[in-house]
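Protein chains: 2
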Amino acid sequence: MNKLTSQEKDFSTWYNNIVLRAELADYAPVKGCMVIRPYGYGIWENIQSILDKMIKSVGVQNAYFPLFIPESFIHKEKEHLAGFSPELAVVTYGGGKELEEKLIVRPTSETIINAMFSKWIQSFRDLPLLINQWANIVRWEMRTRLFLRTTEFLWQEGHTAHSTHDEASEMALTILAIYRDFMQNTLAIPVIYGTKTLSQRFAGAIETYTIEAMMGDRKALQAGTSHDLGQNFSKAFDITYQTKENKLDYVWQTSWGVSTRLIGAVVMVHGDDKGLVLPPSIAPIQVIIVPIWKGDEKGKTVKAVLSLKKRLKNSNKDSGSSLRVRVDTREEFTPGFKFNEWEMKGVPLRVEIGPRDIENSTVTIARRDEGTRMVVKSSEAVEVIIRILNEIQKNLLIKAKRFMDDNTYLVDDWNEFKHKTGFILSHWCGGAKCETNIQNETNMTIRCISIDTEEEDGKCIFCGKKSKRRVVFAKAY
Amino acid sequence: MNKLTSQEKDFSTWYNNIVLRAELADYAPVKGCMVIRPYGYGIWENIQSILDKMIKSVGVQNAYFPLFIPESFIHKEKEHLAGFSPELAVVTYGGGKELEEKLIVRPTSETIINAMFSKWIQSFRDLPLLINQWANIVRWEMRTRLFLRTTEFLWQEGHTAHSTHDEASEMALTILAIYRDFMQNTLAIPVIYGTKTLSQRFAGAIETYTIEAMMGDRKALQAGTSHDLGQNFSKAFDITYQTKENKLDYVWQTSWGVSTRLIGAVVMVHGDDKGLVLPPSIAPIQVIIVPIWKGDEKGKTVKAVLSLKKRLKNSNKDSGSSLRVRVDTREEFTPGFKFNEWEMKGVPLRVEIGPRDIENSTVTIARRDEGTRMVVKSSEAVEVIIRILNEIQKNLLIKAKRFMDDNTYLVDDWNEFKHKTGFILSHWCGGAKCETNIQNETNMTIRCISIDTEEEDGKCIFCGKKSKRRVVFAKAY
Numbered sequence: 028m029n030k031l032t033s034q035e036k037d038f039s040t041w042y043n044n045i046v047l048r049a050e051l052a053d054y055a056p057v058k059g060c061m062v063i064r065p066y067g068y069g070i071w072e073n074i075q076s077i078l079d080k081m082i083k084s085v086g087v088q089n090a091y092f093p094l095f096i097p098e099s100f101i102h103k104e105k106e107h108l109a110g111f112s113p114e115l116a117v118v119t120y121g122g123g124k125e126l127e128e129k130l131i132v133r134p135t136s137e138t139i140i141n142a143m144f145s146k147w148i149q150s151f152r153d154l155p156l157l158i159n160q161w162a163n164i165v166r167w168e169m170r171t172r173l174f175l176r177t178t179e180f181l182w183q184e185g186h187t188a189h190s191t192h193d194e195a196s197e198m199a200l201t202i203l204a205i206y207r208d209f210m211q212n213t214l215a216i217p218v219i220y221g222t223k224t225l226s227q228r229f230a231g232a233i234e235t236y237t238i239e240a241m242m243g244d245r246k247a248l249q250a251g252t253s254h255d256l257g258q259n260f261s262k263a264f265d266i267t268y269q270t271k272e273n274k275l276d277y278v279w280q281t282s283w284g285v286s287t288r289l290i291g292a293v294v295m296v297h298g299d300d301k302g303l304v305l306p307p308s309i310a311p312i313q314v315i316i317v318p319i320w321k322g323d324e325k326g327k328t329v330k331a332v333l334s335l336k337k338r339l340k341n342s343n344k345d346s347g348s349s350l351r352v353r354v355d356t357r358e359e360f361t362p363g364f365k366f367n368e369w370e371m372k373g374v375p376l377r378v379e380i381g382p383r384d385i386e387n388s389t390v391t392i393a394r395r396d397e398g399t400r401m402v403v404k405s406s407e408a409v410e411v412i413i414r415i416l417n418e419i420q421k422n423l424l425i426k427a428k429r430f431m432d433d434n435t436y437l438v439d440d441w442n443e444f445k446h447k448t449g450f451i452l453s454h455w456c457g458g459a460k461c462e463t464n465i466q467n468e469t470n471m472t473i474r475c476i477s478i479d480t481e482e483e484d485g486k487c488i489f490c491g492k493k494s495k496r497r498v499v500f501a502k503a504y
Numbered sequence: 028m029n030k031l032t033s034q035e036k037d038f039s040t041w042y043n044n045i046v047l048r049a050e051l052a053d054y055a056p057v058k059g060c061m062v063i064r065p066y067g068y069g070i071w072e073n074i075q076s077i078l079d080k081m082i083k084s085v086g087v088q089n090a091y092f093p094l095f096i097p098e099s100f101i102h103k104e105k106e107h108l109a110g111f112s113p114e115l116a117v118v119t120y121g122g123g124k125e126l127e128e129k130l131i132v133r134p135t136s137e138t139i140i141n142a143m144f145s146k147w148i149q150s151f152r153d154l155p156l157l158i159n160q161w162a163n164i165v166r167w168e169m170r171t172r173l174f175l176r177t178t179e180f181l182w183q184e185g186h187t188a189h190s191t192h193d194e195a196s197e198m199a200l201t202i203l204a205i206y207r208d209f210m211q212n213t214l215a216i217p218v219i220y221g222t223k224t225l226s227q228r229f230a231g232a233i234e235t236y237t238i239e240a241m242m243g244d245r246k247a248l249q250a251g252t253s254h255d256l257g258q259n260f261s262k263a264f265d266i267t268y269q270t271k272e273n274k275l276d277y278v279w280q281t282s283w284g285v286s287t288r289l290i291g292a293v294v295m296v297h298g299d300d301k302g303l304v305l306p307p308s309i310a311p312i313q314v315i316i317v318p319i320w321k322g323d324e325k326g327k328t329v330k331a332v333l334s335l336k337k338r339l340k341n342s343n344k345d346s347g348s349s350l351r352v353r354v355d356t357r358e359e360f361t362p363g364f365k366f367n368e369w370e371m372k373g374v375p376l377r378v379e380i381g382p383r384d385i386e387n388s389t390v391t392i393a394r395r396d397e398g399t400r401m402v403v404k405s406s407e408a409v410e411v412i413i414r415i416l417n418e419i420q421k422n423l424l425i426k427a428k429r430f431m432d433d434n435t436y437l438v439d440d441w442n443e444f445k446h447k448t449g450f451i452l453s454h455w456c457g458g459a460k461c462e463t464n465i466q467n468e469t470n471m472t473i474r475c476i477s478i479d480t481e482e483e484d485g486k487c488i489f490c491g492k493k494s495k496r497r498v499v500f501a502k503a504y
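Chains G and L, in that order, are what the protein sequence lines are.
If you read the first sequence in the working numbering, its first letter stands for residue 28, the second for the next number, and so on.
If you read the second sequence in the working numbering, its first letter stands for residue 28, the second for the next number, and so on.
So that you can see chain G by itself, here it is in the shape it has in the complex:
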């Protein structure tokens, strides 16, 4: 197999190589579409399982809405239409006949879901209505990239309706907090967060909250968004309810989502020149055990390996999920070949059991994140493995956080601004014109306006006008 292109040499080629070689995904025969292969889909299943519980923990229920949206629905909210119409896939024939009304393949489901909400919501007793769906989405993309931007992708999209703006706004922020927690504690990816500028806002929202992560090439990836929709959609779809005071009012709404793009983020944040590096929390295989034997030692070795596998599987039962362990007994490959393959696939921890281990009742443990190896007593192996998996999970976040911090700069000088790569904290006057000019000259966009930073007097990095706060600039995916 050819050597991987290094990150340093060509990050973009390195990324594509990893995705294909680790068998996360493949190009589909339809332009811009991808196939998510079992190993990549296993990561998505783990993401789903953990995030789904977090979303449900705040009272949200899953449902399923149709793939097809009548064309007229998309036209009901004007900004929404303007934002999405260049990206639509349109069904014009069904059952052998030309359709009377064209159908849009959902690019997001605000319109179809709100058409149903207007039917279901009558009184304050029906509120809040908190719905999520896991679904496929189609947006006609010109330049596509596996996981990061494809014509079809998988996501979850939450849609909620509330009786007050305060409550809707709080919901949007609750979800943002869940996304941050998930990114940091499950994917081991630190994020910055805040609001989007008007130009980057979701089409139809009055405020878009975003989480942004720094990839290995110092570019930003928008990892998830949560929108305060105000009453824009409830007015377009006539979603009214009877208040406690017997009046009729429009509901206040939110929508929010993360997608299979998160898998791309994991690759680009943790991966290295040997391949993928997966956080244990989402790794389809957390521990790979490789037996190594010569001649007639096979029986003894395989027995030791299977016994360890069994002990590992039984170890974590209290926490409700057993460890994900696989044994690689393939005889057609050398141990060295196997080591490379599982390193490419980012398995967090490898256990080797060889002749010396059998002799000494030990096992050899290799960490994917640090590349270190250690020999431990077989009797202590389970305990040590669980401890190291926890350490790897934490270590990946610490490393990623350090990388982000090392590449985040306070910049007040335009020349310096133009030549930096990373997250650039600079003052901005708030003008759309400066925002556009900066993008045209540097290819950097405002990733977010932090919510938590304190006000500070300064001058716009581009025009020099007064500014009350820094915003985060970066080149972005």
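Hints may be right or wrong, so weigh each one.
Treat identical chains as interchangeable: a pair holds within one or across any two.
Stated by the list, open to error - Taking lysine-lysine and the DSBU-like style, the derived pairs with C-alpha atoms no more than 30 Å apart in a straight line are:
# : residue 1 : residue 2
1 : Lys301    : Lys124
2 : Lys146    : Lys365
3 : Lys129    : Lys80
4 : Lys445    : Lys495
5 : Lys246    : Lys336
6 : Lys36     : Lys336
7 : Lys146    : Lys58
If you're looking for bench data, these hints aren't it; they were derived computationally from the structure.
With the hints as your guide, set chain L onto chain G.
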């Protein structure tokens, strides 16, 4: 609320009423499509979770393939094309432009998946390849029915490739056995099973295995199918592999699926004139606790209710899944209203805690399946509830089995045949012409040719020619 139409009076109206009133699903604004509401989707999530584990237990892995299929792919396997072309939805515009090649919205994924298989399979070492996906499917249906036949539905579809026909054939039967097990032990629905006649076979298969269940109106519902595809698709998509003997051969394949239609089956098999009746294994709420108090007793009653809820939640931890319990403390509704609502929603077991229960340290338990009530000591409540849930699960299967047996007939006389409703076991000569004539005159189709029944000499119910075995006739959904 209006009374439900009774099953006896109009089964079809009864069914629609239940689906809408129990809030399982709703009609979508797009013709023939449905919205699966949270309560219905909760059932689907439980179905997915259990069936997914069973499918994975035989080595199948999940993946995800594109929604869109290039039109040319559908044309590659002729019978497949002929079978599906009347039902296709076609995308002709994308990103504002007319497409060069039209895209079909998947009606099933044999073609797109096999295009990928031909890329991934090179050698006998890549076999067997066992893939499943959970996805949405579109078939343009003329007469639609919530859950039973809709333009879009959700399903799982398995696709496998093997090096021998024996192995593929065994795979198709292994999955059939999993489906039977799942129907009986999870959905509490007995099934008959066997092969389809040529006319009812999947378009492109050399054999279709089916499971068929009897609904409350004595009609049959095809609940799942498993296909032996032979080499039809591997030849159409050029899926070859290098054998151990260094020859090139086409792979042998299977495909198989069950869909959200199963939710319709649960409604029609177990439901009664009070509403839905759910098997505990898939009920989103297994136990509903209704506190009943007067005046100043609220505090005490709610405390007792929450304590029981906590004990129930903690009770089942060993089995890895805690009981699904909800407390209904809504003050705007009377206990009677609540009883009706939860009966409509088919919650298997209701617990009432009222003034007398508080006084005597008891709880009152009502079974949805039998309508019986019993008073048990509060200290024994958890144990009794778990036992009764198990009994309900078994009882529903027994009742459904008895109903199926009571409505299954051996018939050798054409006049009798024409006037019976249920599963009719009659002799058939094997001719397509008799099959068509029987369908035209009685509206009955051959649901399956049993695999396990012994041969028996007889005469075709229609033409009187010699026949070696009975087949199962029924009117079907």
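Against the structure, the hints:
1. Lys301 to Lys124: Intra 53 Å, inter 42 Å, cutoff 30 Å: neither.
2. Lys146 to Lys365: between (57 Å within a copy, 23 Å between copies)
3. Lys129 to Lys80: Classified as neither: same-chain Cα gap 37 Å, cross-chain 39 Å, threshold 30 Å.
4. Lys445 to Lys495: within (22 Å within a copy, 85 Å between copies)
5. Lys246 to Lys336: neither (40 Å within a copy, 49 Å between copies)
6. Lys36 to Lys336: For Lys36 and Lys336, the Cα distance exceeds 30 Å both inside one copy (39 Å) and across copies (59 Å).
7. Lys146 to Lys58: between (38 Å within a copy, 17 Å between copies)
Consistency with the previously given hints fails for numbers 1, 3, 5, 6, ordered from lowest to highest.
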